[in-house]
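K.L.:
Going down the list, the sequences are from chains Y and R.
If you're matching positions, the first sequence starts at 1 in the working numbering and goes up one per residue.
If you're matching positions, the second sequence starts at 244 in the working numbering and goes up one per residue.
Among these hints, one or two may not hold up.
[Said to hold, decoys possible] Here's a subset of chain Y near chain R, in silico, CB distances under 10 Å, partners left out:
id	residue
1	77
2	83
3	204
4	217
Because the hints were derived from the structure by calculation, they are not lab data.
All residues carry an ideal CB built from backbone N, CA and C; glycine is no exception.
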Amino acid sequence: MKNIEFKNVSKYYNLYSAVKDFSLAVEKGERLAILGHSGSGKTTVLRLLAGFIAPDSGTILIDDKVVASDGRIIKEPEMRNLGMVFQDLALWPHLTVKGNMEFGLKARGIPAEEREKRINDILQMTQMEKYIHVKPAELSGGQQQRVAFARALVLHPEALLMDEPLSNLDFELNLRLTKEIINLQKNMGFTLLYVTHSLQEAFAIATRVVVMKEGMVVREGTVKEVKSYFNEKFGHDIDRSEA
Amino acid sequence: MSRRFTLFLFVIIFAVIGLLPILQMFINSVVVDNHISFVNYQMFLSSSRVWILLKNSLTLSLLTTILATAVGAPLGLLFGKTNLPLNNFLVFLFMLPLLLPPYITAVAWFAILGRGGILSGVLGASVTEKTSSFLFGLPGCVLVLFTTLMPIVMLLTITYVKTISLHLEEAARLVTRWRTVARGIIIPMILPGILLSSILVFLLALGEVSVPMFLRYDVFPVESFTQFSAFYNYSTGTAFVIPLILITFFVLLGERRFLRDKTYQLKTTDSGEETLLVKLGNTKWLLFTVVSIFCFALVIMPITALVIQSASVSTYLKALERSYDSLLRSICYAGIGATILTVFGYFLGYLIHKKTFSLWRAVDSFTIFLFALPSTVIGIGLAHLWNRPATNFIYGTAAIIIFGYIAQYTALASRITISTFAQIPPSMEESAQMAGAGWFRRMFLIIAPLAKRGLAVAWLVSYIFCLKDTGISMIVYPPGQDTFPVRTFTLMANSPTHFIAALCVIMILITLLPMGVLGFLYRVKGLYK
């Protein structure tokens, strides 16, 4: 069943086309990586899906319902039930870990008892329960990552959008969190759209990979298929290299 | 070595010009017959007049602050966060009274509400009896100071709103609508900034002398000015400013203690990141109408009243004839003052930004302390320190006015420079250093060109504040060398209203002139590129 669909979507900034005739369908519960250099349009795809910007042409659907089309946002971001983890994490500095998680739950009118349960469950899953009353600035980089995931997941989103959230971490932490993300996705069953410029990250997290260049899809397939495409392109085993 | 020496030299000069007069005043107030004594304070505190003045000063400052915050913060949010039509133009109009000597706004309101004002022509003398008695006293002072100082809250709110990272708002927008985002994320994050602007408004209202003097409302600065200038009573004048120094000191101490660590590190104002705007939808034109009417009533109407009252060529010719010398002097002093302030701001800003030596925090605090201090305090302090035969080459010349500008307004230039430095990657200077460039070469050939936009803004802001300065100039100007705002203020006592209105309009024009020139350079010469 299709969870997310882009139909011939284009987005222009002045004369520069960030996304050009972009089409993509993502199944429910799928882990999809969008891979590309900076400026390839991958973040614009996430922002279009989130509803922060409207496509200049084309249609975006979530669960077969049109959410944006031809310059119009039909469903506002808060009505799309999506979670997002930003590259800079965007944790609200004036709120504690609990405050960060509670904000969205309160906004959606979830009763206090249910809120407590959800927050405790997610914090337990992400091993952050003892930091519940701590502010983001007092946490380490890895802990902040976990809070960002927890904040997005506590709302039980249809899909989780991740915009290069691990790019600033060291290799070891990156590897550990990658495993945690996969485990969380398997346990909770949400659709995952993971944007990255790193081949290794994309291949480690996703079951399917879309390669973007200059706002267009240049390759799409399973991890194995995309890997062999890059192996051919670069003439060596890309498992040992980075994009 | 050259870096530390140069910066230290600037600190010493600043301390001599700005701090020494205040320190000397304080020491004089507690040293009696070569002994430490609080007898001056005992005498001072036992006077019932002191308590009346204290009550008046605090009432005026608090009411102005509450009103300015209650109006300025929502306006700042509206201008900074929404797609309200003519956003920038409205901000400019609201900002106009801040750029002028405050008493000009008082004169403008007098042109409407006072006896013989425009309102009396429309509604009759009986109505203007009431409006005039409203203007002269506490309500009028609050109205004028609110008009003058509200833009501070508005502008700082806009600045803080624009520094919130796009992602922090987007993360909230994913889960809720704008109203809740504003309540739960934006406002709590900018609250320390709003409080800071409120504190600034409170201190500036507390130290204002020309408006309460014109509208005849007894407050500390007026009393100290009168004691000093009219009765040449230095010790009583000093006694009346000590409470102002103490209030300013403790308010800023509180700000440092409770607000400094609460200011969140967001993004730089010019990071190139777009700002998420709230689309107002159906309410856009309604809000635009309400804000425009408010702007008309608060800013356009009083200034138009001045223009109407002065609308005759002969009045302007007469006004220029009687003031052209002070007008030229003002422009000249303001230009020199702004240039020196920009240099001070550049070097002291560098010291504070780079934390070059441990004094940086003290320098930062003292520049802000002196900016917040009432101008009469600085004026009286400068006069007492430099008014002696050996230093007459300073006190008897325009140098004393420039000293006053440096003492009071260095914080403006240094703050603007610091925020400019924050946008220049450290690697710019480091790579020049690696290439073998000495500190002066780096400062003039690498950092200054990169900071030229900030330096131009620092110069412009300094120029405007020097140009409109009334409090310091009124106390320290050497005989025959008064500035334009002082000449206008002096002439107000015995000149016809249309003549004063013309002087005020000229003041408005010479304030707007450099803004126009820099705006032109911005568009044509690409100054900021």
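K.L.:
Against each hint, give a clear statement of whether it holds in the structure.
P.N.:
We went through each hint and held it up to the structure:
1. 77: Constraint on residue 77 of chain Y satisfied, holds at 5 Å.
2. 83: holds (7 Å)
3. 204: For residue 204 of chain Y, the interface hint is violated, since the closest Cβ of chain R sits about 24 Å away, which is over 10 Å.
4. 217: Violated: closest Cβ of chain R sits about 24 Å from residue 217 of chain Y, beyond 10 Å.
Violated hints, listed in ascending order, are 3 and 4; each of the other numbered hints is respected by the structure.
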